[in-house]
Amino acid sequence: MKFDFHKNHKLLFGTIFWGFIFLSLIISVLPALWVQRENEPLPASEPMTDIERKGLNVFIGEGCVYCHTQQVRPIEMDENWGRPSAPGDYARIDRQDIWRQTPAVLGSERTGPDLSNVGERQPSAVWHYMHLYNPRSVVEESIMPSYPWLFEVKKSPGSDETVVSMPEDYAPEQGQLVATEKAEALVAYLQSLKQVPMDAPASSVSNEETSKEISESQKKTIDGASIYSNNCASCHQNNGEGVQGAFPSLVGDPVVTDEDPTDHIRAVLYGMQGVPIEGENYSGIMQPFEQTLSDEEVAAVINHERTSWGNDAPTITAEDVAEVRNNDELNEITAEEE
Amino acid sequence: MEKKSAVLSEQRPLTVEKSKVGERIDTSLESIRLIFSFVALSAFWLVFGTLVGEYVGFKFVWPELDSVSWLSFGRLRPVHTNVLFWGFLSQAMIALALYVVPRTSQRELYSYRLGWTSLGLMNISVLFGVISLMMGINNGGQEYREIIWPIFALFAGGLILVAYNLYKTIADRKVTEIYISNWYILAACLWTIILVSIAYLPGYQKDGISQTVIQGYYMHQGVGQWFTPMVLGLTYYFLPKLLNKPIYSYSLGVLAFWTQMIFYTMIGSHHFVFSPIPWWIQTVAIVFSVGMIVPVTAGTGNFLLTMKGSWRSFARSYSLPFILVGVIFYAIVSYQGTLEAFRSLNKVWHFTNFTIAHSHMSMYGFVAFLIWGGIYGLIPRLTGSEPPQLAVGAHFWLALIGILVYSIPLMIGGTLQGLSWIAGESFMESVNLMTPYWVWRAIGGTMMFLSHLIFAYNVWKMRPSTWEKLTQVSQS
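Residue numbers (UniProt numbering), protein chains in the order written: chain A, 1 to 338; chain B, 1 to 476.
In isolation and in its complexed conformation, chain A is listed as follows (with noise of 0.2 Å):
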């Protein structure tokens, strides 16, 4: 057979045709179909919801893949993100219908965070409201778009409704702005993005050692001031002065800047919910730090919010926060037995 590729119009072309679906056929289609029959979900993880699906949707219709990944690379600037992703965080992830694909989630652009663990680093429903409305009015320098389109404005609300308190830059000027059924179903998706462990709970405690060893033998620098910019300043703000109506401030306030440390530690390692601060009241709820910091990390940011904006109280040590944990282990040990 004569290879004349240039005379041979159907030998040039079948070759062309023909060799490329070869080729793309070991590179695409047959990987993708190894992966996907090999891939499993994790065994901690909980197939979506029907709310969580509809908030994928309004995920994908919105563009918020553009600027947001759900990546977290093995390697060590991705940290802050949370564990490395493995291919079974993204097994429950299927097509939305008959006319779209399987969402793509991965991203590709990383102009605003991570959101693998979003559910876990923002739990509060009450944040991502604000934050949909209005980004900048929980993140001032944020960039992100607003999405109006996802709240109506009400002038007196169903008590079935999610009624959302904004500060009074923010707020409509009048009525009472309400969650749509979209910014629910949203933002039911963002609380649901939270990374679950690798292996079967059974295992799960020796692996916390070794991340635990690794992250010992790193050994970086703790700066209390970007612990808080990345775990506290989205709600309670770089000026720490919080967010009116939502996250109280923490200039001048009678925990933070009490002599005795306790009940702020307690407050970083176990979160707080519906307590009123000096008459008023918070709809915000702070997740716990218990696992996510260690005693030098909860005692560098509680130094940092002891000492700046003003604030003026006596600073505390890691072994101060290590003493509180073990006095509470201990008194629920007791509890318990009791």
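It is worth saying that the hints were derived from the structure and are not from the lab.
These numbers come from a predicted model, not from an experiment.
Cβ atoms here follow ideal geometry from the backbone N, Cα and C, with glycine treated the same way.
Do not rely on the hints blindly, as some may be mistaken.
To be verified - Derived Cβ-Cβ restraints for the label pairs, each shown as a range:
{"id": "1", "chain 1": "B", "residue 1": "L433", "chain 2": "A", "residue 2": "D169", "range": "22 to 28 Å"}
{"id": "2", "chain 1": "A", "residue 1": "D4", "chain 2": "B", "residue 2": "G157", "range": "29 to 35 Å"}
{"id": "3", "chain 1": "A", "residue 1": "P43", "chain 2": "B", "residue 2": "R113", "range": "56 to 62 Å"}
{"id": "4", "chain 1": "A", "residue 1": "G19", "chain 2": "B", "residue 2": "R113", "range": "16 to 22 Å"}
{"id": "5", "chain 1": "A", "residue 1": "K194", "chain 2": "B", "residue 2": "I131", "range": "33 to 39 Å"}
{"id": "6", "chain 1": "B", "residue 1": "I131", "chain 2": "A", "residue 2": "P254", "range": "54 to 60 Å"}
Fit chain B to the given chain A structure using the hints.
Chain B only, in chain A's frame:
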């Protein structure tokens, strides 16, 4: 360009006078009509698509520019990319291909009716695609296949008709040899049909990870097996034609062709380095990204060696400078792409604005400039109407300076973004530090957009003067 030889006109002391195109090429009226319609529609999509791009670029600096759902960033970004891919670049390339393939086969296009049908299908598809994306109907957020299948099927149908039309034309050619341009052009059509089918067919991309394997393949091949071979094929025709000399080496073109097909197909997953898709796919992608040095060096070398010794022609032509810029950008972005694939550099640049600079340098500096070179080289010769030379010059310089002002700051800013993440600074740092670079991007983008308005004006000026006049010329 300062060349002593260039004619300095007394009436126009500020600019160098370029030579006129000379005689009109004798082509059938039908082909002029079809080709010009493709060019005119592509110019419309260019202006529309870059207006959208310009607008979303401003939103990085002023996020509260509006709060209308149809105009929000997340909905307009895919409008921008899809309109420029399928509306402007694709249709402009097809316009030129509809001339090059019949010309080098020395016969008429197989069927003008099929040509018009493709034109209709593609434009309806892009129009509906724009509307659906603005309504918030997105296929799944996978870049460049965001238009849902019932709408994109129209585009695919148009493309199949183009491929069939061109194949039939080549099959019935009046010469024995198939010119190298036709290898590239028809291959690009065939590859893209396969690519789009694989991207949209169900069965092997049900979960998030298998979907990502296909996405890596598709998003990269969309560029590498459609735009790249198509414009290279066109350049293999227009460059020697406009220089009036043969291509430096036919064999280098063939080498570049086969290596392009084999190497490029394997490298899509380098968009997902460090991701949870199988490690071996990522490694294969990185290895073949290095292999891409072969076709790129062969291709650009071939073009540059063809240009060697003919620099005077560049100074005297208003279309060749576009081709020169396109070839240089082809080399730069391709080597840059290889570097971005290395794990060490990928760490710094992945997820940052560096990739935005890279994609604009390739789709604009490389693909769009080669297309403009072809359009300015061909259309006046078809219609007999020349664009004002001053306007072509303004288009060239605004577009060139615009893309540089756009991409260089984004590369610097993107690098700083990556370094900020590596240094473990708070995330907001990386957003705040980008502000000045986003302002530069808006300035460069504005220059680019202005150049497109001028291009649209030039297309209007190049329109067939009057059909009666053309008819007389054709008949005489």
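A quick look at each hint next to the structure:
1. B:L433 with A:D169: 22 to 28 Å: Holds: the Cβ-Cβ distance is about 26 Å, inside 22 to 28 Å.
2. A:D4 with B:G157: 29 to 35 Å: Given range 29 to 35 Å: holds, Cβ gap about 33 Å.
3. A:P43 with B:R113: 56 to 62 Å: At 60 Å between Cβs, range holds.
4. A:G19 with B:R113: 16 to 22 Å: violated (31 Å)
5. A:K194 with B:I131: 33 to 39 Å: Given about 36 Å between the Cβ atoms, the range holds.
6. B:I131 with A:P254: 54 to 60 Å: Because 56 Å falls inside the window, the suggested range holds.
In terms of the numbered hints stated before, the structure departs from hint 4 and from no other.
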